Every structure is written in C-alpha cells, then in structure tokens.
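Q: Could you build the full structure based on these sequences and the hints that come with them?
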Amino acid sequence: MQPQLSEAVRSCPLSRREWLWQSGGGLGGIALAGLLGGENLQAEDETLPSSTGPTGGVLHHPAKAKRVVQLFMSGGASHVDTFDYKPELIKQNGQAWDPGESVELFQNGHGETMASPWKWRPFGECGKYLSETVAPLGECVDEMAFIHSMVGKTGVHSQATYLQATGFQLPGFPGMGTWVSYGLGSMNENLPTFVVLPDRRGYASNGPRNWGPGFLPAEHQGTIIRPGTENPIADLFAPHDTYISRQSDARGLELIRQLNRRHEQRRPGDGRLDARIRSYELAAKMQLAAPEALDISGEPKHILEMYGLNHGVSDFGSEINASEETEYFGQKCLVARRLLERGVRFVQIWSGNDNRHPRRNWDSHENIERDHGPLALGMSHGAAGLIRDLKQRGMLDDTLVLWTTEFGRMPCSQGSKGRDHNPFGFTNWLAGGGIRAGVTFGESDEWGYKPADRDKPTYVYDVHATILHLLGIDHERLTFRSDGIDRRLTDVHGHVIQEILA
Amino acid sequence: MHAVEDVETSRELGSFMNDRVVRKAIADSGRQPFKRATSRLNFIAPTVNGRFVLLCLLSLAPSTARGEDELFRKHVAPILATRCVGCHHAGDAKGDLDLTRQVGLIAGGESGPAIVVGEPSESVLLDMVAGDDPEMPKNGDPLTAKQVAVLRKWIQMGATWPDDLTLVEDKGPWWSTEPIANPPVPSVSPADETWARTPVDRFIVHKLREHGLAPSAEADRRTLIRRLYFDLIGLPPEPAQIDAFIADSSPDAYERLVDRLLASAHYGERWARHWLDVVHYGDTHGYDKDKPRPNAWPYRDYVVRAFNADKPYGRFIREQLAGDVLYPETRDGIEATGFISAGPWDFIGHAEVPETKIDGQIARNLDRDDMVSTTMNTFVSMTVQCARCHDHKFDPVSQEDYYSLQAVFSALDRADRRYDPDARIAAERARLNTDRQKLTAKLEAIDTRIHQRAGSELTEIEQRIAALEQDKPKQQSAAFGYHSNIEARDDVEKWVQVDLGKSLPIENIIVVGCYDNFNSIGAGFGFPRRFKIEASDDPRFEQKVTLVADHTQDDMPNPGVEPLLFDVDGPRSRYVRVTATRLATRQNDYIFALAELKVIVPDTVNAAIGAHVTSLDSIEAPSRWQRKNLVDGKFYGKSTASSGADNLALLRRRQQELIDQATLPATKDEQQRAQELLAGNSNSIAKLPAQEVVYTGTVHTGAGTFRGTGHDGGKPRVIHVLERGDVRTPGAVVQPGTVAVIDGVEARFALPDDHAEGRRRAALAEWLAHKKNPLTWRSIVNRVWQYHFGRGIVDSPNDFGRMGLLPTHPELLDWLVAEFRDGGQSMKALHRLIVTSSVYRQTSAGNDRAAETDGDNLYLWRMRRRQLDAESLRDSVLLISGRLNHQMHGPGFQDFVIDKPEHSPHYEYHRHDPDDPRSHRRSIYRFLVRSQPQPFMETLDCADPSQSVAKRSQTLTALQSLALLNNRFMVRMSEHMAQRDAADPGDLSAKVARAFARTTGRSPTADEQLALTAYAREFGLANTCRVILNLNEFVFVD
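Heads up: the protein sequence lines correspond to chains G and W, in order.
The opening residue of the first sequence carries number -10 in the numbering used here; numbering runs sequentially from there.
The opening residue of the second sequence carries number 242 in the numbering used here; numbering runs sequentially from there.
The set of hints was computed from the structure by calculation and includes no laboratory data.
Where hints are given, some of them may not hold.
What the hints assert, rightly or not - Here are the simulated DSS-like pairs of lysine-lysine, each with C-alpha atoms no more than 30 Å apart in a straight line:
#1 W/Lys532 <-> G/Lys142
#2 G/Lys445 <-> W/Lys869
#3 W/Lys634 <-> G/Lys406
#4 G/Lys142 <-> W/Lys448
#5 G/Lys406 <-> G/Lys439
#6 G/Lys445 <-> W/Lys634
The structure presented is a predicted model; accordingly, all values stated were derived computationally and were not measured.
A: If you want it as structure tokens, here you go:
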C-alpha cells in the first residue's frame, strides 16, 4: 500500500526517473498496476497491448496463467529415483561409476553406480517412465512437462535453496511468490496474495527468508498458513481464555474505527491514516474468509480420495511412513486448491524440513529407500490430486504447477544406500496454464549426472522467466531498484523455455 | 597540474576537461596483474571553473614523441573516453571494436581497421562520426565540428597513442564524488529571516521560495515533545513530562529538552538501532541451520555506548574497521570490529566444505562480498558489490577495485575473539605468552639434544608409535565396558576385578577409559579421579596384596581413551583389581566405568581376555554396559588393523626408557628447571582474569574443514579478479585497495611486502575516515537527516551513485557536512543543529495548495508525520503498560524457545511467555534470529538482519492490524496497562483518561471520553486499553 502514490502522480515536480523511484523503484507499468490494487487493470484484461508505461497498468503481454502453485521438495529430491528414468543405472548397478571427469561431491562419498530401489514403467499416452514411488502422478503425465537438464550452482543446501526460491544464492532477495504478488497484485479482498504452507515439522534451510520480502514492500511476502493446526494463521484471532470476547472484539473494532476516523478527519492530506483504517476492515474480512477457506471438512469423499486422504490411518507411529506423508501433503494440496479458488495468486507448498535427524526431508545421504519412499509417495498422491482436481474444475488452464527442489542426487551411492548432492543435474516439472502437456525437455546424460548436452543446461532463471512469461510478465521488465541495481527475479539471466509452452 | 591551453580548440576542450576525462586507468584492460613495481599512476588535476577534474593515466615508459602524446592525452583521449569507450571497450566491445587501448584501435572491428594512419578520409572511425547524420555515437548528440577536427588532426599527425595507456569510460562528474563544497548560507527575506532560527532553516526556506512554497506554522508544544521523544530516544513522554514542558515558560525550554534527551542513555539505544539496521547486525548466522552467535552482542553494546559517548565519527569508523590494530589495548577497539562480522554467514558452507572445493570457495567469496558491501554501503554509500561479476555499469568501480576491497578482508573469518578489556591485563598476558614461547622452544631444544644422543632406536620407535596412532580409527563397539551403579556422592568406593584362572607372572597391567557422549563427556567417561590397582591371589584382596598403582591421594587428570600402562613388580597373582576411591562425575551424580582391563604376561599375551569379572556392583545394561565387556578386547579407538593399541602402550614404555637413558643429569636438571618455569607460567596465566569474547571478523584458527587462515599464521588469502564473479575462472591477482574517489589518494594501498593483515584494514579505515573523502561525510549526514525527517536529502541512502537519487538540497547537505566534519564530528551536535531548527518544529498538518506543488513534501513545507517503527511501538507498549525493564547491555533476551538446539535450532516464538520480565527490555536487546524473524516485529516492518536496511519499508496491512489486536504480547500488555491504571485513584472515567493520555500524549475529548468509558463499563479496562493501543494516534507521530 503506497497511499502517497497518487500525490506523486498529481504533483510531479520530479523527473521521470525520480518519479519511478518514488513509486517503488524502477518498476514498469505492470507493478504499478499491482500497487494501485486493481486486478481489473491487468490480468482480466489480457487483450490489451503491451505496457504503455507507468500509467498503463497492463500486462506486458496476454497471460496464459493467473495463479501458481510451487511444490518445493526440501533437502534435494533425487531425480534418478523419481522422474528421470536411467536404464544405465540398472545395467551398471554396483559397478564403479566413472563419468570420465573428476567429480566433486559434497561429502566425498563416491560409491558405485546405484540403481534406484524402485521399478520403473511407462505411464500415459506420452509413455513417460516414472518410478513406482511416484506412480500416483502417472495419471497426470499427459498434463506435465519435464525438464531433466536443470543445473544449480552449489551443493550447499542453504545457498541452493535460496537460488531456487529467490533466484539468488544470498539472503535478502524476494521469493518468486513475492515478485508475483508485487507484479500482479491481489485477486481477492480478504485473503493474502501469496500463501506459504510449510512442512509441519519445521522450515527448510533459510526458514521464512525463502519467501521473505527482501527489498520489496513487506506486504508482498508469503503469509504462513498451517492447515489443520490450532492457529493456522498467526494472530488471526485473539487467544482463547482472555478478557476478550467476541462481543468486546466486535465493539472494540467499531470503536477503533470511529476514533481513527475522527483522528483522520482532523489531519487531511495523509492517505496513510485512511489506509490504516481500511487495513482493520480488511483484517475483519480475513477473519471471516480464512477459516472457511481452510475448512476441508465439507469436501466430498471422492475429492478427499483424489488427494489420498482416505487411508483410514489416524495414528502414524514414529517411523517415517507413507500414510503420514500422504495425509499432510495431501491436506496442503487440497487447501491450496481452496485458496486458489478464492483468489489467492501464489501458493508455495513445502515438503520436508531442515536437516534434522532422523531424516524428515529429501536429503537422503544414508538411505534413499527409507526417506524418499514415503516422501515421494505422499507428495505424488497430493500433487496428482491437485492437478486432477484443478483440471476437473477447469482451473488447470490458468493455474501453473511447478515441482522443484534445491538440487538432485548423484547416480552413485553414498554409504551403501544413500546418494550425495548433485547440483549438476536435477529435474523440475511443470503443469497447467500454458504448459505444453506430456513433453520432456532437456535430457540428462545416461547417468542423470549432468545435462546430456552440457552446453545447454537449464537454470532456475529459465524456469522463472517461463513462469513470469505465462503470467503475462516480461521477466526483464519486472524490476525494483535496490541499492543501485534494478533487481529482477532472474538477475541478468533467463530465457523463456519455448519448448514447453503450449 | 596541467592547464588546458593548446591549439585552436581550447574552448571546446575546456568543456571536455570540465567533464571528467579519464576516471582512472587500468593496466591492460583490467585483466592483467597490476604491476606496481613498474608502473606509475599519474594524477593530472586541472581545475576548470573551480571544479576538480581527475585525469589519471598509466604510463609504463616515458614517451618519445612528447608533443603528440600531449595531443592524445589532452584532446583525443577525452573525446574517446566520453563518447566512444562506453560501448567500445574490452570484454563487451560493440562491433568487436575496442577503443580503450592502442592494440584495439589497430586491430579494428567488424568494419575493418578503425583508422588508416595519416589518412583521415580513409579512416572508418572518422567516417562514422563525421558528416551531417553520423552513424556514431549511437547514443546522444553527434560530436561537435571541433571534436571531429581534433580526431582528423590526430589521425593526420600519425594517430599516436602512448604505449600501454588504457582509457576508461568517463561518464562525467557526479555530485557525490565532487569535493565537498563550502556553500554560503543563502540570504533570505526579512520575514523568512524572522522565521529562520538556524542556517539550516535559511537553506530550506530559500529552496521553498524557489518553488513558490512557504514553511508551515510551528507545531504546539504537546506535539513537539512527543516528536522529540520518539525521534531522539524512541519512547513517548509521560503525561507529567508533557505538562512540565508545556508549563515551562523559559525561552530555552525546547533546547533544554533536546539536551536532556541527548544526554539520556535511551538516546544511544534509539540511535544504535538505526546503525544496526544498516550494518545488518544479527545474533545468528543465517543460512542453513542458522546457529546462534552467542557472542555477537558486545558489538551491539559498543554501538550503543559509542552513540551515548558521542564518539567522533572518524574514530567510530576507524574502530569498526580496524580498532584491533589502531586501538589495540581498548575494549572499544576490539568490540567494534564486530562490525566486520555483523552480517549473515554460511556456517555450513565453511564448516562442512573445505576451501579446496568449489562450493567452499563460493561460500568464502560470498562471505567476503558481504564484508565488502557492508563496509562500502554503510560508510560511503557506494554499491561496489555490482562489480563482483563485471565492472560497475554506472559508477566508476572496476572489478579490480572490487576485488582489491575483498583483498582487504582476505585474512579474516567470522569467529569468536578473546580479549582482555583491561590494557594492563592484556600486556601481562602478552608477556606471559612470550615467556611461554621461549620456554617451549627451550624444552624443544633439549628434547632434540636427547634424541640425538638416543640414536636410531628411539627414532624408529617413535615412527612406529606415530604410524600406529595415525591408522588408529576411532571405533566404538556396541559393548562400551563395565559401569558401576550410580551414586549421589563421589567418595563411595567401587571395585572391579578379573580372575585369571590361575596365578600368573604379570608384567604389566593396562587400563583403558570408556567413550560415551552422554552429557557430552566422550573420552574418559566414568574414569575415576582417584584409584588404585592391586594384584593378589586372594579374591577378597585381604592378604598378600601387591600394590601396582596408587592414585588415591591426588586427583589424576582424566586420560580419556589413552591406554595407561602399569608395571607389576611382585609375585605371581591370580586376581587383578581396580578400585575407584573417588568416582567420576556423570551428570549430577557419580560413577566408575572402565572400557578394558588387560593383564600382560610374558610374550605380551593379554591373559585377561575372556576372564571372569566380578565387581562390587554393576548396572549390567547389555550390550553397552556389562562386566564381561571389561575383558572383551573391545574399546573405543582400538585399531582394527592390528593390535595397535596393545602395542602402543608397550612401545611408549620403551620410548621412555630410551629417553631416560639418553638424558644426562645436567640436561635433566635443565629440563626440570624449564618445566618448572613453564608450570609456573601456566599458573600465572590461569590466575589472570578470564578473557572476554566477542564475535568479530578475525583470524580463525580451527580444526577440520573450516580452518580459517589461522593455520597459515593469518596470512591473507590471495585474491584474484574473478571473471563473471565465478571462482572457477580466476584472473589477475589483486592487491588490497579501494576505489579512487579522493583527490590525490591512490586507490591501491602502498603497504610493505611483509605487512600484517591488519594494516590493510587500517589503510581502508584511513581512506574512509579521510577528511577529503567526499562520500563518507555526505553519507552519514544524510543518514542522520533521514532519521529525523523520514526522508534523506538523498533518498537512496546506501547509493550515492548514478542509479541513486539526486540530493534535494545539495548545498544544505554540504553545509551540514562541513559543520559536522570540521566541528568535532559530533553526532549530538548534528542532532542539535537539526532538531532545534524551525523546519523541524513545523506542524505536520496538510496544506492543499502546497501539496499541489510538492505532494511528496520534498522541500519540507511541513514536518513529515512519522509511523512508529517496530521497536518504538513495542518499547512504547512496554513503557505505557508499566512493564519496561530498563536493564541496558549484555546478552540479548530471547523471546522464543529453542527446540533442537544441537543440529538445526528451531526458534519457536509462540512458546515464549509474554509475561517473562526478561523479555521486557528495549527491543534493541532482542536476540535477532536471521532465518526466523520474530513474526510480530516483522509484521511491523522491523529490519531484516540478512540485508542492509538503509530505510525501513513502511506498510499498512491487514496482518499488521491483526497482530496489534491479537498477538499475545499486545493482549497481555493491554491487561497490564489496565492493571496499572486500576491501581491509581479515580473513577473509571479517570482511569480511561489516564490510559488514553499515556498512549497519545493528550487527554481525550468529551466525545472520546464518553465513548471509551461506555465501552470500559461494559467490557472492562483491559479491553479499553487494547482499543487505545490500536489507535492511529498512537501509531503515528505528528
């Protein structure tokens, strides 16, 4: 909210350059539209020509998607055990692994070539091979586009997670959802624009900094929601067992409004005073809307089944297990769909927490089967449910789904059953709004070690550029001036991956 | 100084020279090593119209054709540098043409050779820039006819280009790097003269009049005192203080109030917070795992103290960069260097990845990047970090400049540093340490002599010992050893013994301690502090007992898991018993545990293996703890490859024998004396007061992957220019230095070859604190102005470069800078100058007419209304509710519970008790977690300690309203506020009025009083206080 903005537009004693600064940095017209808060100004009006400057308030080009769901597997999900079928690993299982160049591993555990513990088979019309631990997604492969030529920059979790989440290896940069919120603004009046559903066991590396505002206005940061817990949104309601009753609350809010209005009327010419009054009204609306959005109890049985929420288990025990993973990931996917339906623009779902022992994330140094098995099965139940549900509601056409992780895992073993980090090659997949369905772009080499064509790696910048492109944004033109640099989500890189566009 | 005086084109040339001609020269296009020994930087500084122009060229050899050189230097170079080189430079040469160097000119580009010497009409270069509609330059106006004439003449005369002269794009002068002017205070109309209290006001009103604006009326005293309180100490005035100020009729009441607030210790707490925003101070590392930094706070306290002591700014700079070098014997000198390490740090990238790996190098490069950008953003508002991957696109910072700054910090790591805050103690410790080194050296010399005498057998044995120790894998079997019952006291006697089955001629007995990480004990777990070993044929050890070892009189140092060897001199025995007479500490209790007991009989056979074990008691917790584990041959550290550990003890014994034989009595005496002196030295060191610890940028000596530079004696790492910022493509080595912005001061530091690491930082500190550094002084004065007015004179406080904003009042800025810099560099004087002005005392009321001209109030026709920052809001709530804990300094309070601290700490704020009085201290003492910000404070836009926050964002969101209404802190404080008021006399109406006045600084109007009291009657005072704390009038300061 920048209430002084209209003042700036009116008075304009500034140069154009300074004016852009005043309105929040080197932004194009598109972000201004977001600031002015009018969804109608942009995404609805997809036929308008490209941005006409700061007052244009339109998309850079027609959008294919309006919403994004980002599924983030924390710890480094193995591509060669899930989506990237490598028969060579089966053939050479147990033999020395020699890619013909020196391999720098994170933990020096360079073992033999290791086949995945799971069987592989083709799915869908496209015949995509998936491992049986992600088999539930088999029903969706004809909606998905796979990228097996992803490369990162480092095998260190924190830096790599930052890179995938914010486009930079350092802290202090806004997450992708923050950029999208900043660029496109809100599509609703009573829920946050960018919602984060963390893993119930804790945060991934870097914690909430992965979806922090960075240098963008703080209102664009991700809002944490924990579905199924006592307080899904912090401070949404006053704590129980206090002097505050429903009535004292309601009457108190009314009194605040009344006194604030009187205060504001005596101080004309400061839009912030009114904005703050409206923020309390918005808060009240959110109190009504959020519980309804998060309540999945009314969802019919067949929908719950779609998300794998029909396993009938209620006590999960202490060992990592598929039922529990399915329950929690599925719940988040279902809540994501409900939020998207209600106008939330960007939902980020995390699977796996930090590096705590025993493993509850994808960082399977010790045992791929033990951790990846339940995590991947749970994830794929939920993700498949989300894709199918969005499709049957007609929402998949303008909702983008991105599956990602900070890096992949090595084709060779570590210890006897684990795999070390592989920042040189991993997999992303996308589905939905504007994505070419059932394709694979960018193969990895015969081991899944590096891109098959070493000269054509795919970086996170390309994925981000593609997502922004589908949202109607030119990634080179969505900028914000911070400490002397017009910052972009894609730094100075990024190419839209035309091959996966519908 | 070279005046511009030549040829027919002098007028135009004058204007070229008016622009900065060549910012600086870089040896051979910026990719070659900077060869100080053979090169010479020439700074040619012509002054044109009073403006300083810098021309620096690099020349390797005296020119032979002096006149032609001059033509190039004075007339041609300026044209190329200002109009051509921006696009045609090495690395990014448009049309493949590089016009920065002679070789580039000769090589030409896509269109062939750029010139034909002596033939202007055949030269592509001239063709491109001449004519009615020239193709070049692509951007901007065509060259003037005179400029074209210069180029033509130059080509005609042979196109001389002095050897090795490299041009850098000149973008012309830029306000922030111009020398600081001493602008006259503008004269203003008599009416404005009356309004103006200070020179600041004259500058402001002069500018207002230029824009057809007028200043606003002065705010009332009630408003002024609230404004001053929040601004200077970050807390609201109490109603009584307001009343007293309003009633004070003396003419200097306002000035006295200002002085009183500046003298308050709260002032330092308030203004240190601003500084910590900029330097992004935090109490955890950030990144993965985000471990706490328990010793970061002394730096925070230093900043609070520095503000309160009104430390001169130059000293403040020097201390933070190099206090350990420049003021080594002072607390401030050491603690201030916490500045260098204040930012986030990739602990995993250092602790788990060595410097030899790519990932390790990336982590260290990013670490130095943080140090460099923090320093340069903070002190000189320069965004040098842009030059990590390429020369700065907008400002005169080359990649070499940038990496020369990295070289300044290249010896440093982020680590705890121990120090003696008392200078005398520090000197004493230094003396003792020197003695210690001498004694150690002496003992080593004696040892060498003994070895020389002992000959080859000793050498051989020691080699064998070393080999055994080296391949001794630390292994823990599932069977730890024998473990007694647990006792509440340590003086309970316990024994364990083995039965060898028959009497045997025992030569040695070996005992080995256990390893168990319980209570982080590890090696030597359960090893008794006092014990004895006996052998006998009597299983009850009552008759004919041979005492093998007696350590019952004094505590013995815990041997860890090193085997202890004892000789046995006595008759054959069947039983061996170990008796503990003082037990080992476990947690708050005591035990006796042993991993292994060996009984060596002739031929080094261990007769105890598998023997029957009895004991006074045993916890018998298989498989880890049971009696039979004592003789199973398994213990921590036992080599699997050989029975190394068995042999080790025997070898050690032989080693000692040989040493004893080889030691002459005189040598023995000498050795003993040295050992005694060393023991005395150790004693003296131990008696010194414990050292204090601060987390700083320092030389780290560590083991394992993260060794720091300590193992190299703190030798700086060699820093290369990294092509595209990639550690895999190192270019030229760079020397420590900085950016050329001060007239006459070289960018690279002139340091002797064998300089100590700290000299680099001291040199940078001197450059930063240099009185002629135009950026330093403008930067800090602008920051102070910004915190007073909500907007800087330059509204991009961390960026005074070309991508930043221009100053709205450049003359005022320079005037203030001169006052500040030359008048003692006192922050408090600067505050006084600003807040006693009339412009500061204006009302914040709106004015439609003025808003039409200057809607953003750039020219300060009114005071800017301030939205409370997170800390001021929280601290005020604590004060108003009567809960503020005024305790200053010391470790930060934690308003979270740490879950799982050992691996990746989870900082759980929701589990904190908001009534815990320890957490009721001012927010500056909050323990700042980087990865998991405090949700309440973050919602209120507190600074993110992962980035330099030069200016807080100010948002008004629904989540903020919800936090102020419902966060447990607010809910509880409203209750405390009500209880505080309830205790005071008066009826409900009076209590409501008091709560309202405490929060807003005024009594409620009749309407407000009525509405609030009615609400209080129905829902109670706590609910009413909750309402009051949510009022705009609390959150905004007029």
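Q: Now look at each hint and say whether the structure bears it out.
A: Hints and how they fare:
1. W/Lys532 <-> G/Lys142: 24 Å, holds
2. G/Lys445 <-> W/Lys869: 63 Å, violated
3. W/Lys634 <-> G/Lys406: With Cα atoms ~49 Å apart, W/Lys634 and G/Lys406 exceed 30 Å; violated.
4. G/Lys142 <-> W/Lys448: 52 Å, violated
5. G/Lys406 <-> G/Lys439: 21 Å, holds
6. G/Lys445 <-> W/Lys634: 28 Å, holds
Hint compliance for this structure: hints 2, 3 and 4 are not met, and every other hint is.
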